[in-house]
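Go ahead and model the full structure; you've got the sequences and the hints to work with.
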Amino acid sequence: MVAGAVMIVLLLMGYPMMVPLLAGAMLILFTQFAFLDGSVLVQQMIGGISQSVLVAVPMFILAADIMIKGHTADRMLDVVAKFVGHLKGGLPMTTALSCTLFGAVSGSTQATVVAMGKPLRPRLLAAGYSDKFTIALIINASDIALLIPPSIGMIIYGVASGTSVGQLFIAGIGPGILILLLFSIYCYIYSIRLKIPVEPKATWAERFEAMKRALLTLGFPVIIIGGIYSGLFSPVEAASMSVAYALVLEMAIYRQVRFSDIPQIALSTGLITAVVFILVAAGTAFSWVISFAKIPDLLLSDVIANAGDNPYFILGLISVSFFIGCMFVDPIVVILILTPIFNPAVEAAGISPVLVGVLVTLQAAIGSATPPFGCDIFTAVAIFRKPYLDIIRGTPPFFLLLLLSTIILIVFPQISLFLPSLMAQ
Amino acid sequence: MTASSYRSGGWRSALQKPFEFFDRVLDVVERTILVSAIMAMAIVSMINVISRNMGASVSWADEVAQLLVVVVTFVGLGHGVRMARHIRVSAIHDVLPPKGQKILIMFISLTTGALLFFLGVLATDYVTNLMRSGRVVPSLGIPVYYIYIIAPIGLFIGSVQYFLAFVRNVVSPEAWLSWHHKDEYAEEDEDDQVGGSMTPEEPGSADGAETPRGGSQHG
Amino acid sequence: SEQSQTSTSGADADAETEEQETTTWRFALEEVEGSVQDAYAQEFKKRIEEQSEGAISVEIYPYGALGTSSQLTELVQNGALELAFASPGHLASVIPEVGIFTLHFVLSDDNDINKKILSSDQVHEILQPAYHEQNMHLLSIVPEGWMVWSANKPLRTPADFDNFKMRTMTSPILTAAYEAYGANPTPKPYSEVYSALQLGEIDGQVNPIFAIEEMSFYEEQDYLIQAKHEQFISTFLAGQSWFQGLPQEQQEMITQVRNEMVDWIYQEQAEYNDERLQIIKDAGGTEVITLTNEERQAFREASQPVREMYLENAGERGQKLLDYVTTQVEELTNE
Ligand code: NA
Ligand code: NA
Chain A
4 MVAGAVMIVL LLMGYPMMVP LLAGAMLILF TQFAFLDGSV LVQQMIGGIS
54 QSVLVAVPMF ILAADIMIKG HTADRMLDVV AKFVGHLKGG LPMTTALSCT
104 LFGAVSGSTQ ATVVAMGKPL RPRLLAAGYS DKFTIALIIN ASDIALLIPP
154 SIGMIIYGVA SGTSVGQLFI AGIGPGILIL LLFSIYCYIY SIRLKIPVEP
204 KATWAERFEA MKRALLTLGF PVIIIGGIYS GLFSPVEAAS MSVAYALVLE
254 MAIYRQVRFS DIPQIALSTG LITAVVFILV AAGTAFSWVI SFAKIPDLLL
304 SDVIANAGDN PYFILGLISV SFFIGCMFVD PIVVILILTP IFNPAVEAAG
354 ISPVLVGVLV TLQAAIGSAT PPFGCDIFTA VAIFRKPYLD IIRGTPPFFL
404 LLLLSTIILI VFPQISLFLP SLMAQ
Chain B
358 MTASSYRSGG WRSALQKPFE FFDRVLDVVE RTILVSAIMA MAIVSMINVI
408 SRNMGASVSW ADEVAQLLVV VVTFVGLGHG VRMARHIRVS AIHDVLPPKG
458 QKILIMFISL TTGALLFFLG VLATDYVTNL MRSGRVVPSL GIPVYYIYII
508 APIGLFIGSV QYFLAFVRNV VSPEAWLSWH HKDEYAEEDE DDQVGGSMTP
558 EEPGSADGAE TPRGGSQHG
Chain C
11 SEQSQTSTSG ADADAETEEQ ETTTWRFALE EVEGSVQDAY AQEFKKRIEE
61 QSEGAISVEI YPYGALGTSS QLTELVQNGA LELAFASPGH LASVIPEVGI
111 FTLHFVLSDD NDINKKILSS DQVHEILQPA YHEQNMHLLS IVPEGWMVWS
161 ANKPLRTPAD FDNFKMRTMT SPILTAAYEA YGANPTPKPY SEVYSALQLG
211 EIDGQVNPIF AIEEMSFYEE QDYLIQAKHE QFISTFLAGQ SWFQGLPQEQ
261 QEMITQVRNE MVDWIYQEQA EYNDERLQII KDAGGTEVIT LTNEERQAFR
311 EASQPVREMY LENAGERGQK LLDYVTTQVE ELTNE
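Protein chains in written order, with this note's numbering: chain A, 4 to 428; chain B, 358 to 576; chain C, 11 to 345.
None of these hints come from the bench; they were simulated from the model. Computed from a predicted structure; not experimentally measured. Hints may be right or wrong, so weigh each one.
Straight-line Cα separation of at most 20 Å, EDC-like style, residue types lysine to aspartate or glutamate; simulated pairs [said to hold, decoys possible]:
| hint | chain 1 | residue 1 | chain 2 | residue 2 |
| --- | --- | --- | --- | --- |
| 1 | A | 389 | B | 451 |
| 2 | C | 238 | C | 270 |
| 3 | B | 459 | B | 541 |
| 4 | C | 56 | C | 229 |
| 5 | A | 297 | C | 69 |
| 6 | C | 125 | C | 305 |
| 7 | C | 238 | C | 311 |
| 8 | C | 163 | C | 305 |
| 9 | C | 330 | C | 69 |
| 10 | A | 389 | B | 540 |
| 11 | A | 297 | C | 48 |
| 12 | C | 55 | C | 31 |
| 13 | C | 55 | A | 300 |
| 14 | A | 135 | B | 451 |
| 15 | C | 125 | C | 311 |
| 16 | A | 297 | C | 43 |
| 17 | C | 238 | C | 304 |
| 18 | C | 238 | C | 119 |
| 19 | C | 126 | C | 341 |
| 20 | A | 389 | B | 377 |
| 21 | C | 291 | C | 229 |
Rendered as structure tokens:
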């Protein structure tokens, strides 16, 4: 508790965000486990960033930077604008859909914020949407992807709870669509209420022209989605292949990027990667200390023991616990630590573990876009070069929609369980 | 260039030349490592795609990419302090008067420098342990500490950069987030300009880009 | 907090027993709750807590709570943890000798024979100095079941492995083993195997039955192939300085419990894997193939060159261990 208060104070004072995380970890470690070798913090920091899926992040940043430096991104987005620019809320709805689809295949919400957010944000701003709305939309829509297969969060939950990963994957699709729908409705209402002007409807000739101009850039979705779903490469490799494609396109074909531009782009990529990943590292050290001290166990065991077997209460408790956990700590770690703690209560109340998996993954998604600590927020701060508070300013409506989704999913479990039950027959 | 803003006393100018030299060398080294590591990551990954689909996976690809991430993170830790790019929340800071802001930044720089220094010591312990145990990178067979030594180095450099930020606030008027960067939120484009002129091949241009924000206002 | 004051060095623990204060031993696993390692740890906890009459409390940390497998080993080395499991796949990067347990066709296909050999004093005596050099103390060599291949085609001969993209752990001996069969071994993190199978990025993988069930790999595969080429083995270890610092009677208690648990765990893991295999069979859609001795022979021959690679890394001690294990397997088989 003391450590938590210290962390919040340090955070608000304006310390670089690695400091509250590391100071919190040190405070607990050195006051409660004085016998411990403090180098464990460094071990965990290095371990936290040594995950193969994280390699996708710098690779997508690099690809996005190359595309933005050249004309690829513009050509691609022209097509989108020509098709949806005349619809109320069309552009933000497309943004939500793109983030969801890209996140679904890339497996990394951070990579999605970069790869989709970087090119789409200027478009939305130009169309008259405010920056706080735009950024909040991008980081929250990227998180829907955690629910769409393949989802690392669900795989981890499947292992920790002994639930079929295949069933979990299918169960995430309904909720994913539900949230996308809610976001789209919000975008529609937002654009009407703020009277965002729409573009005149493009003619089919204009659309055809835009598509022709963008023909080669359509290689990106083909590479990323086609490459991954055909088994040609892993999500991480898809990232580096899109770097290769971006280089070929921009340097050899469009000739918008010169070889001498590359070091500068790579440097900017490296720096953004570093300032985000040092927080992933510090967050891992912090969560190690939390689990070593068995703090989740201590906090939750009494509550769970007295929870009885009311499924609504237990599902609510699970959602709240995972959400709070994911506000501070990496979602994967939260899932690994908390799932076994709740398993007995879930079994005793006879709740479908698949439903719990969907809820848990959703909380993980919400948590990574919710202050104070969330990797998507950090990524957005780093790539958009905006102050932290500006980044999170627009998130409350999205947060409320996600909260609403959580409640809907608890009250109507069929949204999650319908597809898996079809599969079982 | 930036140096003009803190050049006033005799002892300062005596220290200035060697300081500027080391500062510039460090800057170039950091940039070179960041650029090469990012490019290497892309290349390694591409090689693996091609070779696996041709029937011979490169068993070290995954591990090398992860090691490069570690290198980028810790080199970028130090470089990020230099460039004043570390992520922070500026809630209290924003409501303070300029004088209060400067004091707050000095306090933060000094304590953050101390914390990173302490962490650097812990990192040195960790690397020493790895050296003793002889742990190797499985696919490459090279000792792990060859790579992880970057952790203490990055932390110490980050620590020194924060101490320098403190010193800068002592010797120069206004508030400074790092030796070279004033306390103001750089917009996206401005940063591109900074990055743009600083390819590793052109060490001299580094300071040039900072002139509009650093030197000219205080020279 | 209570935890903080109690679990320190053995000397402190000794002084504290008079006041009947509980000492905590932290025991970290490479596997999740409900796994073979968890079963072992729970039983160990039960027996130790009973025998010490509450003076010792064993805290179990399942996979993910405190880090990856190799991080757990480091935590034992520097005294943050007292007890842990460490399997040869990663442990070989600090103790090359244990790489023997990742070699194919070194052990017998009869687990009674393997039990005799792996729990023998001779094997422990050869390995113990290697553990001590790393500030670790080997307590027990624990089997977790046969490694089983999964694929979408029957893998009956080395020729079936031609260009087969086989997921392995990142370990040179393991990749070399499948290269020797003509496969294309593809190292990949455990958590990404399911989706890589689903997307066809890899053709198959190898794990014990319990893991194949736990991770749902069988959902994406048509065949499970039992070649009995390798047993999935983990080693149960303690921190060396911690163990040496324990009072004599506690050291003896640990040794006694681990001796008593040898038969227990062999039986437990067999039942455990049988149960999981039944779940896979009940789910349908996965055919289980057991290779004949003739079929195994072809793989055995193809796997021989990998032993050279092991010996290069593991040196004299590795040679001694390999010689001992192979001659014992031969002798006990002919009995
Ligand atoms: Na996904
Ligand atoms: Na968060």
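Hints and how they fare:
Note on residue 389 of chain A and residue 451 of chain B: the hinted pairing holds, with a Cα-Cα distance of about 14 Å set against a maximum of 20 Å. Between residue 238 of chain C and residue 270 of chain C the CA atoms are separated by roughly 26 Å; this puts the pair beyond 20 Å, and the hint is violated. Restraint check for residue 459 of chain B and residue 541 of chain B: satisfied, since their Cα atoms lie roughly 12 Å apart, inside the 20 Å limit. For the suggested pair residue 56 of chain C and residue 229 of chain C, the alpha carbons sit about 35 Å apart, so the restraint of at most 20 Å is broken.
The straight-line distance between the Cα atoms of residue 297 of chain A and residue 69 of chain C is roughly 10 Å, inside the 20 Å bound, and the hint therefore holds. Distance restraint check for residue 125 of chain C and residue 305 of chain C: the Cα-Cα separation of roughly 24 Å exceeds the 20 Å cut-off, and the hinted pair is therefore not satisfied. Using a Cα cut-off of 20 Å, the hinted pair residue 238 of chain C and residue 311 of chain C holds, with the two alpha carbons roughly 14 Å apart. Taken as a hint, the residue 163 of chain C and residue 305 of chain C pair is honoured in the structure, with Cα atoms around 16 Å apart against an allowance of 20 Å.
Distance hint between residue 330 of chain C and residue 69 of chain C is unfulfilled; the C-alpha atoms sit about 36 Å from each other, more than 20 Å. For the hint pairing residue 389 of chain A with residue 540 of chain B, the CA-to-CA distance comes to about 14 Å; that is within 20 Å, so the pair holds. The hinted pair formed by residue 297 of chain A and residue 48 of chain C meets the criterion: a straight-line CA distance of about 17 Å does not exceed 20 Å. Using a Cα cut-off of 20 Å, the hinted pair residue 55 of chain C and residue 31 of chain C holds, with the two alpha carbons roughly 17 Å apart.
Taking the CA atoms of residue 55 of chain C and residue 300 of chain A, the gap is near 18 Å; set against the 20 Å cutoff, the hint holds. For the given pair, residue 135 of chain A sits about 19 Å from residue 451 of chain B by alpha-carbon distance, which is consistent with the 20 Å threshold. A hinted pair counts as satisfied when its Cα atoms are at most 20 Å apart, and residue 125 of chain C with residue 311 of chain C does not qualify at roughly 24 Å. Between residue 297 of chain A and residue 43 of chain C, the direct Cα distance comes to roughly 15 Å. Compliance with the 20 Å bound is thereby established for this hinted pair.
Note on residue 238 of chain C and residue 304 of chain C: the hinted pairing holds, with a Cα-Cα distance of about 13 Å set against a maximum of 20 Å. Taking the CA atoms of residue 238 of chain C and residue 119 of chain C, the gap is about 6 Å. The hint holds against a cut of 20 Å. Distance check on the hinted pair: residue 126 of chain C and residue 341 of chain C sit about 12 Å apart at the alpha-carbon level, within 20 Å; holds. About 30 Å separates the Cα atoms of residue 389 of chain A and residue 377 of chain B, which puts this hinted pair outside 20 Å; it is violated.
As the CA atoms of residue 291 of chain C and residue 229 of chain C are separated by approximately 11 Å, the hinted pair is consistent with the 20 Å bound.
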